[in-house]
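J.: In the order they appear, the protein sequences are chains A and L. Residue numbering for the first sequence is 1 to 129, as defined by this note's numbering. Residue numbering for the second sequence is 1 to 129, as defined by this note's numbering.
I should point out that these hints are in silico values taken from the structure, not numbers from a laboratory. Ideal Cβ placement from N, Cα and C applies to all residues, glycine included. Do not rely on the hints blindly, as some may be mistaken.
One side of the interface only, derived from the structure: several residues of chain A facing chain L at Cβ under 8 Å [claimed, not checked]:
(1) R15
(2) F21
(3) I39
(4) L86
(5) R115
Derived list of chain A stretches under chain L, where covered just means 3 residues or more per stretch with a C-beta under 8 Å from a C-beta of chain L [to be verified]:
(6) 26 to 34
(7) 103 to 113
(8) 120 to 127
Protein chains: 2
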Amino acid sequence: MRAISDNDTERETGRSFMPKFDAAGLLSAVVQHVDTGEILMLAFMDSEALAATRKTGIAHFYSRSRGKLWMKGETSGNTLQVETILVDCDQDAVILKARPAGPACHTGARSCFYRKLTGDRLERIDGED
Amino acid sequence: MRAISDNDTERETGRSFMPKFDAAGLLSAVVQHVDTGEILMLAFMDSEALAATRKTGIAHFYSRSRGKLWMKGETSGNTLQVETILVDCDQDAVILKARPAGPACHTGARSCFYRKLTGDRLERIDGED
Numbered sequence: 001m002r003a004i005s006d007n008d009t010e011r012e013t014g015r016s017f018m019p020k021f022d023a024a025g026l027l028s029a030v031v032q033h034v035d036t037g038e039i040l041m042l043a044f045m046d047s048e049a050l051a052a053t054r055k056t057g058i059a060h061f062y063s064r065s066r067g068k069l070w071m072k073g074e075t076s077g078n079t080l081q082v083e084t085i086l087v088d089c090d091q092d093a094v095i096l097k098a099r100p101a102g103p104a105c106h107t108g109a110r111s112c113f114y115r116k117l118t119g120d121r122l123e124r125i126d127g128e129d
Numbered sequence: 001m002r003a004i005s006d007n008d009t010e011r012e013t014g015r016s017f018m019p020k021f022d023a024a025g026l027l028s029a030v031v032q033h034v035d036t037g038e039i040l041m042l043a044f045m046d047s048e049a050l051a052a053t054r055k056t057g058i059a060h061f062y063s064r065s066r067g068k069l070w071m072k073g074e075t076s077g078n079t080l081q082v083e084t085i086l087v088d089c090d091q092d093a094v095i096l097k098a099r100p101a102g103p104a105c106h107t108g109a110r111s112c113f114y115r116k117l118t119g120d121r122l123e124r125i126d127g128e129d
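Could you put the whole structure together from the sequences, leaning on the hints where they help?
T.: Structure representation (structure tokens):
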């Protein structure tokens, strides 16, 4: 059983924003379309990406593969305008409710989650093939 | 620029389920209510949790704080019946479209994302205080 500190209690029930970054300095960010509720992508933020997102209103992430700050859409133009940030109980994950300027996925799909697991195989759910 | 291997191409465009676990052996799992589209929680799965979820249809995760397999609801009874698993482009994240048996959050909230960031403070969005 975990000991619950005052800090943990404030983090869960309070009004203080106390983002909890993991050992790699990251938290998880789920991007959800502000109008449709569709989940568009999942990425990670370090403190710099979180600060840049809050300052500009445009989603920034930390690229684990490239090891650096990344403004989503910086090359494609498919930016994400963040309208609301929701924070979870232990503050190690956020939802960015966003308005996408174009396809969220680098493959051109509207959402990165364009396949469903059916048995042991994946099946497209967006009409593409 | 990253070199794109045949393996990466198959992972992104193919029908093969090739889950990509990170250095810690985990992938991200977002739980979304199958009817309402509300995001209920975010957690991590190792290969064991993924296999248990697929086998039983009940969401299992890997607890980073406790360092072990965890069936959501094993003590509270608030299990998650998984109806569909969606997989993202690079197969390091999944969406579990699920039917919750009760509140998804250990705090008793319907969703773990019960606060919104407003300026530098958090505000409850679920009517609780």
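J.: Classify the hint on A:F21 as holds or violated, based on whether any CB of chain L lies nearer than 8 Å to its CB.
T.: With a minimum Cβ separation of about 13 Å from chain L (threshold 8 Å), the hint on A:F21 is violated.
J.: Taking 8 Å as the C-beta cutoff, is the stated coverage of the segment 103 to 113 of chain A by chain L satisfied by three or more residues?
T.: holds (count 6)
J.: Between the segment 26 to 34 of chain A and chain L, are there enough contacts, at least three residues with CB-CB distance under 8 Å, for the coverage claim to hold?
T.: Holds: 3 residues of the segment 26 to 34 of chain A have a Cβ under 8 Å from chain L.
J.: With a C-beta cutoff of 8 Å, work out whether three or more residues of the segment 120 to 127 of chain A approach chain L closely enough for the coverage to hold.
T.: holds (count 5)
J.: Hey, does the A:R15 contact hint survive, CB to chain L under 8 Å?
T.: holds (5 Å)
J.: Was the hint right that A:L86 lines chain L, CB cutoff 8 Å?
T.: holds (4 Å)
J.: Does A:R115 hold up as a contact with chain L if the rule is Cβ-Cβ below 8 Å?
T.: holds (5 Å)
J.: If you take the shortest Cβ to Cβ gap from A:I39 to chain L, is it below 8 Å?
T.: holds (6 Å)
Figure legend: structure checked against the earlier numbered hints; the only hint not met is number 2.
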